[in-house]
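A.B. asks: Residue strings, one per chain:
2 protein chains.
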Amino acid sequence: MANIWARILVAAVTILVAVGYKNYRDLSAPGKRPDLDNQEYWGPTLKEPYRENKAILPFDISVKPEVIEDLVSQLRRPLKAQAPLEGVGFKYGFNANELAKVVKYWRDTYLAKWSEREQYLKKLDHYQTEIQGLKIHFIHAKPKQVKGQKTKKVLPLLLMHGWPGTVREFYDFIPLLTTPSDKSDYVFEVIAPSLPGYGWSQGSSKTGFGVAQVAVVMRNLMLRVGFDKFLVQGGDWGSLIGSNVASLFPENVLGYHSNMCGNNSPMGQLRLLLASFFPSWYVDSQYADFYKGLGHFFGTIMEEMGYAHIQASKPDTIGNALIDNPTGLASYILEKFSTWTNTEFRLLPDGGLTKKFTYDQLLDNVMIYYVTNSITTSMRLYSESMVASQFALAVDSVPIQAKAGCARFAHEITHVPDSVLANKFPNLVHSSHHKDGGHFPAFELPQQLYDDFVSFVQKANF
Amino acid sequence: MANIWARILVAAVTILVAVGYKNYRDLSAPGKRPDLDNQEYWGPTLKEPYRENKAILPFDISVKPEVIEDLVSQLRRPLKAQAPLEGVGFKYGFNANELAKVVKYWRDTYLAKWSEREQYLKKLDHYQTEIQGLKIHFIHAKPKQVKGQKTKKVLPLLLMHGWPGTVREFYDFIPLLTTPSDKSDYVFEVIAPSLPGYGWSQGSSKTGFGVAQVAVVMRNLMLRVGFDKFLVQGGDWGSLIGSNVASLFPENVLGYHSNMCGNNSPMGQLRLLLASFFPSWYVDSQYADFYKGLGHFFGTIMEEMGYAHIQASKPDTIGNALIDNPTGLASYILEKFSTWTNTEFRLLPDGGLTKKFTYDQLLDNVMIYYVTNSITTSMRLYSESMVASQFALAVDSVPIQAKAGCARFAHEITHVPDSVLANKFPNLVHSSHHKDGGHFPAFELPQQLYDDFVSFVQKANF
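Protein chains in written order, with UniProt numbering: chain Y, 1 to 462; chain V, 1 to 462.
Think of the hints as simulated: they come from the structure by calculation, not from any bench. Among the hints, a few may not be true.
Same chains, same label: a pair holds when it works inside one copy or across any pair of copies.
[Claimed, not checked] Capping the alpha-carbon separation at 30 Å, the derived lysine-lysine pairs in DSSO-like fashion look like this:
#, residue 1, residue 2
1, Lys-80, Lys-336
2, Lys-80, Lys-206
3, Lys-336, Lys-91
4, Lys-80, Lys-104
5, Lys-91, Lys-206
Work the whole structure out from these sequences, hints included.
C.D. replies: Structure representation (structure tokens):
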């Protein structure tokens, strides 16, 4: 009798080990690049065959005065936002008392000096070109060489923002990149697009335009501008799109640097799970503070991912609620610049908004969403990327062959340790942990992000 | 050697069975009623001790003409809602083309006859009284006895709506309840409150006002009106609050009828999980269509629960976006009257809104949120109920001793079979499955809901 049990047990263990090994091998196997149509058309349905206009034209971001006047009049409406519950700070979202302050500043101070803000936004060079049926806006910042100094080698860089960001995040970061410094043997020629559907870049008219398809457009943009070898940097969606560009186009991507490296391959997810249970196996003890385990992860999903849930499922409903609604839009966007900069800021009555940013900086970013009417199209990136047809492409399982660098800023919502990144980034040459900073380091700590980025580039030795 | 394995296996199985049995017993054990303060104060912090004004006063729901004029002018703004992706119907949320139609009708037709709509809303008798620091609005509809017919026995009924509903859902249902019919030996005296924070009822100023605390207020309202024995009926939050009233106050609740019966006790959740894997053990085969298993359940959570996720975590942010924003509010609220009436309506360009309702009906409901500025306070019910401190009360584990009736309408988002309801409803005397209807049966199929309700009351034989 006992013998039978033993045989059953041995058989069961054998099967488990075999299945586990088989699955582990399957999980470990690098994925193949999916076959995407690199010229797929995303504009409105046409009666005629589509002919791409390949011209690159300077783009005027000026806002019509009547738009500003109308905005002022909208902001003059008495604010009816519900008073917050007593003592909640930002824990229930954007505090209505702080919203009243933001709206007052926006109307009475910021918009009163709008022409100055507009000039500021124009200080970088804006262009537009048409890719796959979409008008794509981008900033093109050329490197400055200093007379009398040895000319630095120029590396092209595709620099991408995320949601609810814009190119405005990069206004202090870009000049660092284009100016020679002692810290770097290189200087960078920066292409910073508005993501399709964000800011001045047109959104798709068709379904299925997820992160991989956006990556195709972004790579085509770089080819259009004349770069077939380039670096990629980004956070948030910029990180994910960049990861897709690097996975899909190893022939074009020299190096990938991100302040939000992730590994969504099945092996990555499995390791992340294991790392949550057995952190000491996966995480260098000196950085243990960065990796907070499964409880924190699920708590974060419950408390902080509602926006992603609704944007992935009903982007048009929430878009209808925010479009042409300046106070609602500011509240929705700026909540993220509070909580994602530091989740502790949820405890503060003013959300700590001005601890790291000025109202001017923040409102510049909100203005870009407002004047371009782009909040709905921006949120559709969630619905088009967090969907079975996108997961089926399995770009996440395609390793990035380019040299990679991962910077971690302390207050980012969640961090992924090197050991978990390994199968996605076989050439991870740079990995860092910063004691401060949050989700928007280019905006919050541009010098620190620059130092990290050039440290990566030096190590990579392109 | 083999013997050792066998012993380990036997020991492991024994432990598993013991742990399983222990947990099953723990799960099965009926919970105890938590000790709630039945007079807890929820109004704004006062300098003086609170003195409740116990008067019940007629309440005038008239809307100031300037509010209507301002609304018309807001609806005259050119609608900037983003055009939907090609061919998506309501799958991405409220379709902007349909929104344009709703806004046009609202502005040009509905508001042009607002005084008629207002008279319609006034046809039932409105009252207000103060409970625990909150001004609570309710409709009080007294039964009509028909001269010359035998007088029917009167049963008081607490009738509660949910989110994003209002008392407007009950305008065709209430007259059925108060009018004697051949189908019933009873006639009903209906108290239909606006939930606290909804419509004309004041919301809490303090945190911690979740479903159990709302139940206390609702029971106090019934006592205030003079009923210490009453029936409860509701769907959505009305069902959950009603379930809390019945669990907490068995001495007051004669019977509980719901069109969205649920069992959120641990045992209920375990059985629901098992029922998903082994439906034939749990579900009568003739109703198999109603119970769609775990895949459907998780699919529904992903596709349809984004609103609950954001409302539970950031109610003030989404509230700031919807308050004083009529087009956004209509889009956000009416999406639910499309999808929750029938998820198939997501495929239709107009969301099937007028298949079951008229624009007038739907806009009456939206108007109540708009004119009372109550969307934020209404959504806080999610944050205050879906939180650890509320779960810790474990009201879900307290069985409802009153006789209970559960009506299931075919297109409700999710259904719970009798076998899963068993430990929560030991006296389930009525259970039904309707071939049509959705989440709002009082609004959509008032006669059918009435028939179901009186069928329950007849069986219960109060």
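A.B. asks: All hints, please: hold or fail.
C.D. replies: The hints, checked one at a time:
{"no.": "1", "hint": "Lys-80 to Lys-336", "in the structure": "both (22 Å within a copy, 24 Å between copies)"}
{"no.": "2", "hint": "Lys-80 to Lys-206", "in the structure": "between (37 Å within a copy, 19 Å between copies)"}
{"no.": "3", "hint": "Lys-336 to Lys-91", "in the structure": "both (12 Å within a copy, 26 Å between copies)"}
{"no.": "4", "hint": "Lys-80 to Lys-104", "in the structure": "both (13 Å within a copy, 24 Å between copies)"}
{"no.": "5", "hint": "Lys-91 to Lys-206", "in the structure": "between (37 Å within a copy, 13 Å between copies)"}
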